[in-house]
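Protein chains: 2
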Amino acid sequence: MSLGFPNKKATYTKKANKANLGMDLEEAINDTNSYYLSNDIAVIHKKPTPVQIVKVDYPMRSKAVITEAYYKIPSTTDYNGIYKGKYIDFEAKENHNKTAFPLANIHPHQIEHLDKIIKHGGIGFLIVYFSHTDEYFLTPFEVVKRFWDNKEKDRKSIPYNVFKEEAHLIKLSYMPRLDYLKVVDELYFKKD
Amino acid sequence: MSLGFPNKKATYTKKANKANLGMDLEEAINDTNSYYLSNDIAVIHKKPTPVQIVKVDYPMRSKAVITEAYYKIPSTTDYNGIYKGKYIDFEAKENHNKTAFPLANIHPHQIEHLDKIIKHGGIGFLIVYFSHTDEYFLTPFEVVKRFWDNKEKDRKSIPYNVFKEEAHLIKLSYMPRLDYLKVVDELYFKKD
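Protein chains in written order, with our numbering: chain A, 4 to 195; chain B, 4 to 195.
Next comes chain A alone, as it looks inside the complex (with noise of 0.2 Å):
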């Protein structure tokens, strides 16, 4: 029963996994992103990082180095563009807690931008990965909106359940991996 080693290892292995999967919702989402604009399907980017440049040296015969800049609060979220005709953005977050989403992981910025996007007649939602679940929900505004308004008298996360009920699984595939504009279709193209 007890194999030592190879067995430790496995665990070792799988907690590395783990810590990267912060990494892994971004380059899922970039992966798939790049396989819906070379597949003529769609065209949305993420965002560059904000970053409030400070100081920049010109060295002789290279190009300019920053050598001092801060990371600054996004104003907006991470990634928009254009899908069949409709302007679409969304921000994408993960949640290694297992019974709800803290609503802190959001900033205010991205609320109130979202909120503007939604009445000017664009899609938005937020894209949220259960770490412990393995589960990625594309979750619409309109429900994060909903607690979002209570947070001050009700409570400050948004349960796992209601993302069952509420929100919609994005299967992971091979290619794209992460197919969320078909739930896209689902949610907002049906009647077209």
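In case anyone wonders, no lab produced these hints; they're calculated from the structure. Some hints could be false.
Copies of the same chain are indistinguishable here, so a pair counts whether it falls within one copy or spans any two.
[Stated by the list, open to error] Only pairs whose alpha carbons sit at most 27 Å apart, straight line, appear in this in silico DSSO-like list of lysine-lysine:
no.	residue 1	residue 2
1	Lys119	Lys156
2	Lys96	Lys66
3	Lys159	Lys66
4	Lys185	Lys174
5	Lys174	Lys50
Given chain A's structure and the hints, the job is docking chain B onto it.
Here is chain B on its own, set in the frame of chain A:
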């Protein structure tokens, strides 16, 4: 007639203004977008400058400092967003050349990007500022594309008179400073 010093000062001020024009175009557009946003007219943002972050320091009790980073070539345009339910995408360029706008000012990636945006049903254009005449032209992507596609056999720039004839003047005003959506209305929403 010769007023000496005051006259000299006036000349100096003018030169200083000219040198600042680069910032002014971006500022004029950002101000305009803020106006559109706060007046619920459109949600259009400038994308952060793409930067490749190489080294980050985490000094104790203070926020992360990026100590080595490089500018990356942008893979898309600088501005995008939503207006009247439509996806909008554009690039803004300053031009100090008197007789033409050199196509070398645009990255091939940006042309490819705008081309795809149009194919997917979005609105795409360039805002080109001619500093010599102090004119801002909203230039439909189709006009730019025609010259871009012929640049190997034909000329490598778009003549000023093409802007006069096929692009559309954006008037400067107080609020918003550069009301480019007025031109967008005339060009893309006339039949709606």
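Each hint tested on the structure:
When the C-alpha separation of Lys119 and Lys156 is checked against a cutoff of 27 Å, the pair qualifies only within one copy, where the shortest distance is 24 Å, while the shortest distance between copies is 46 Å. Only between protomers do Lys96 and Lys66 lie at most 27 Å apart by alpha-carbon distance; the minimum there is 22 Å, versus 34 Å within a single protomer. In this assembly of identical chains, Lys159 and Lys66 lie within 27 Å of each other by CA distance solely across copies; the values are 26 Å between and 47 Å within a copy. Taking CA atoms no more than 27 Å apart as the test, Lys185 paired with Lys174 passes inside one copy only; the shortest distance there is 9 Å, against 43 Å between copies.
Within a single copy, Lys174 and Lys50 get their C-alpha atoms as close as 24 Å, which meets the 27 Å cut-off; across copies the closest is 30 Å, which misses it.
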